[in-house]
Amino acid sequence: MKISIERAALLKAVAQAQSVVERRNTIPILANVLIEAEGDTVSFRATDLDIEVVDKAHAQVERAGATTVSAVMLHEIVRKLPDGALIQLSDDAAAGRLSVQAGRSSFNLATLPKEDFPVMASSEYTANFSARAAELRRLFDKSKFAISTEETRYYLNGVYMHVAQGEDGPALRCVATDGHRLARIDAALPDGAQGMPGVIVPRKTVGELRKLLDDDDAQIAVSVSETKVRFATPAITLTSKVIDGTFPDYTRVIPVGNTRRLEVDAAEFAKAVDRVATVSSERSRAVKLSLDEDRLVLSVNAPDSGAAEEELAVAYGDERLEIGFNAKYLLEIASQVDRENAVFLFNSSGDPTLMREGNDTSAVYVVMPMRV
Amino acid sequence: MPAICRDCLACLDDAPARCPQCRSPRILAHPELFTLSIAHLDCDAFYASVEKRDDPALSPRPVIVGGGTRGVVSTCCYVARISGVRSAMPMFKALKLCPEAVVIRPRMAHYAAVSRQIHALMAELTPLIEPLSLDEAFLDLTGTGRLHHAPPALSMARLVRRIETEIGVTASVGLSHNKFLAKIASDLDKPRGFSVIGQSDTEAFLRDQPVRILWGVGAATQAALAQAGIRTLADIRRQDRSSLIRRFGAQGERLWQLAHGQDGRRVLPDAPMKSVSNETTFNTDIADREALAAQLWHLCETVSARMKAKRLAGRTVTLKLRRADFSLMTRQHGLHEPSQLADTLFRAGTDLLAGITEPGPFRLIGIGFSELSPAADHDPIGDLLDPAAPRRAGAERAVDRIRAKFGKDAIIKGRGLGPSGKG
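Protein chains in written order, with the working numbering: chain U, 1 to 372; chain H, 1001 to 1423.
Worth flagging that the hints you see were computed from the coordinates, not collected in a lab. The reader is advised that the hints may include incorrect statements.
Simulated restraints, written as ranges between beta carbons of each label pair [what the hints assert, rightly or not]: (1) H/Glu-1279 / U/Thr-152: 43 to 51 Å; (2) H/Asp-1240 / U/Glu-6: 49 to 57 Å; (3) H/Ser-1370 / U/Arg-371: 52 to 60 Å; (4) H/Asp-1400 / U/Arg-261: 35 to 43 Å; (5) U/Ser-348 / H/Gln-1251: 29 to 37 Å; (6) H/Leu-1268 / U/Arg-261: 24 to 32 Å; (7) U/Glu-322 / H/Asp-1285: 21 to 29 Å.
Here are some, though not all, of the chain U residues that point toward chain H, as calculated from beta-carbon distances under 10 Å [what the hints assert, rightly or not]: (8) Ala-93; (9) Thr-152; (10) Asp-178; (11) His-180; (12) Leu-189; (13) Asp-244; (14) Gly-257; (15) Leu-345; (16) Ser-349; (17) Pro-352.
Yeah, the Cβ is synthetic: ideal placement off N, Cα and C, and Gly gets one too.
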């Protein structure tokens, strides 16, 4: 194999590859990226056995071929080469070396045989559809903060993407929860997604997917089966296993009878929560909300460290209510609001609280209170 | 040189071979005898001694206190030790060494009651008592001389005599200028011993001791030290302090200090409890997950009852399993809110158990709470995905009230009806 490629194109491809490879892996080949050159394209394939990403870039291919080399090392080299450089990669299969040359720099990297590289088995997808990058970005960005990190509840370690009946008809829905907060985000159901099986997209895949979604108008080809999900742009294909588990029935968790309505400027609210939480104890981070006629008092009382209080003018017309929350959880859901006021719907101080943006029900958040 | 007679408690100015008053040979003499004030008191073969006290027929026979055929020796009397039996030895091995031994199941509640009596006697000497277990404690007697009209050494000699005559078990004392040395001293002359390590003889005493006598140096640290060519305290003392710190971090600093006989730890009464846990060794190894969970429930109830009695709540749950080859495995789970409920503990424990892919079998299971804090006057609200948690908490509290009124067995959960304890 012998190719010449622009630094920018190579950097982009290798950056994606090196973030997929598992750094702590004990199987050496999994730290490598498989480089395959043919025609006028070169593809970079990386995998951790759960996720596979293939990135295609244009290159001048003098001699077709393939090899594997450390993804992290190649990325570091390319990153440090000057902008605009033309990089030449050529492998010497007999010596087991890949030479990287740019200007006066030259590197010789150890390779492993391409035959040893595990390629993810292809599978039949039961649903194929196309979605706008901006739409997918909203679905995952607004839900991923609620993904659980608890390994004992592995089925919560991802975003549950499925078809559901939304307020305005059938929807492509993403739900994530860690048991303390929950995010439920809807988008109009794209053509072809109707028969899609519900899948739990793992946290790491959500992170990798995000890199495909920067261009608002790009169309992302989505393919879903019971065991795998694939997201593809013309240049990048991300294939991932899904979490083998049953996502809990979240519908019974979303409160429907909460009537006490608080409307507040989300940004002001978040800043105030952040300020008073400064004195809260490291572990509990509890903030108390005291609601009265058009008045909200946020307070923290941590016997060991101190106390803080802040008053906000809000729209609230129900009877007095005192309720506590984890400050971090409040901040995270408040920061999901970007267009209108945040609307909180409370029941009692021991019941889950619902939050949404204005009257928009396409993004709904639930947060569990804490005793304060 | 100041001396005391440990039998008639006379204070002497020199150290004769026998007490001029009572002719006892148990004379204790040391240049610093009347100035040292940190003591470590350790009862001799405590559980076995209590059993022998309660049944004098046992006194000439080897007695082993420990659990079942699968258990280990918790304590063995000095007669059994002649045959080579040691504590923490597996029971089958102990019985091979000493087949004629009388094996007694531990009666922990009874030993705890005796321990409380001893503690009461200690409390007459000083409020600064730091119990390490049922049968040993540190005492700081600094400044008690005028109150008791006796130097600390004499107060301690009186104390062990009272423990012998009033309670009926023997104890050994170590007296020194810090906890580390006091604890080592109490072990030097067991049983019925009284050893003193003063400032002046600290260095000579420590010189050729192996590193394992240092507090906190177990097999792993010993191996690491041996790698560095360090086997005795003299080896440590030859090292440069800063190079030890570079190599072993904070532990290096501690090793250096201890090897020089320095230990700044104070005697802390009621050192706050760090964890509450319980464990059980099975009669036969168990692989079946249902059976393990059934055992776990009994442990959870015991732990929770202790937590409730002490008004503590814990934030971390630790599950412990011992494999058939004795190797240990632990798994931890952080709770969202501190809890003291058996229900919370059991659910976290079974989740952790479910996450263990090893098929087993296991010989021991244990569970406990750590990261303790005072319990709030309410139970956690629970979890979005577990909306029944508050109701289960309410049910557990109701069960507790019924038990408080009618006894522990008045009401039992269905899953608690299986064989308890062993299985």
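Here is how each hint holds up against the structure:
Against the hinted window of 43 to 51 Å, the Cβ-Cβ separation of H/Glu-1279 and U/Thr-152 comes to about 20 Å, which falls outside the hint. A C-beta distance of roughly 56 Å is found between H/Asp-1240 and U/Glu-6, which places it inside the suggested range of 49 to 57 Å. Between H/Ser-1370 and U/Arg-371 the C-beta distance comes to about 21 Å, which lies outside the given range of 52 to 60 Å. Against the hinted window of 35 to 43 Å, the Cβ-Cβ separation of H/Asp-1400 and U/Arg-261 comes to about 39 Å, which satisfies the hint.
For U/Ser-348 and H/Gln-1251, the Cβ-Cβ distance of about 51 Å falls outside the hinted range of 29 to 37 Å, so the restraint is violated. For the pair H/Leu-1268 and U/Arg-261, the supplied restraint of 24 to 32 Å is violated, since their beta-carbon distance comes to about 53 Å. Separated by about 53 Å at the C-beta atoms, U/Glu-322 and H/Asp-1285 break the suggested range of 21 to 29 Å. The beta carbon of U/Ala-93 comes no nearer than 40 Å to any beta carbon in chain H, farther than 10 Å, and the hint placing it at the interface is violated.
Interface restraint check: U/Thr-152 against chain H, minimum CB-CB distance 4 Å, threshold 10 Å, status holds. For the restraint placing U/Asp-178 at the interface with chain H, the shortest Cβ-Cβ distance is roughly 9 Å, inside the 10 Å limit, so the hint holds. Taken as an interface hint, U/His-180 checks out: its beta carbon lies about 6 Å from the nearest beta carbon of chain H, inside 10 Å. A cut of 10 Å between beta carbons decides the hint on U/Leu-189: the least distance to chain H is about 26 Å, and the hint is violated.
Checking U/Asp-244 against chain H: minimum C-beta separation of about 14 Å lies over 10 Å; hint violated. Taken as an interface hint, U/Gly-257 does not check out: its beta carbon lies about 14 Å from the nearest beta carbon of chain H, beyond 10 Å. A least Cβ separation of about 15 Å between U/Leu-345 and chain H goes past the 10 Å threshold, and the interface hint is therefore violated. Taking 10 Å as the C-beta contact cut-off toward chain H, the hint placing U/Ser-349 at the interface holds, the least distance being around 9 Å.
Of the supplied interface hints, the one on U/Pro-352 holds, with its beta-carbon coming within about 6 Å of a beta-carbon of chain H, less than 10 Å.
Violated hints, in rising order: 1, 3, 5, 6, 7, 8, 12, 13, 14 and 15; the structure is consistent with all others.
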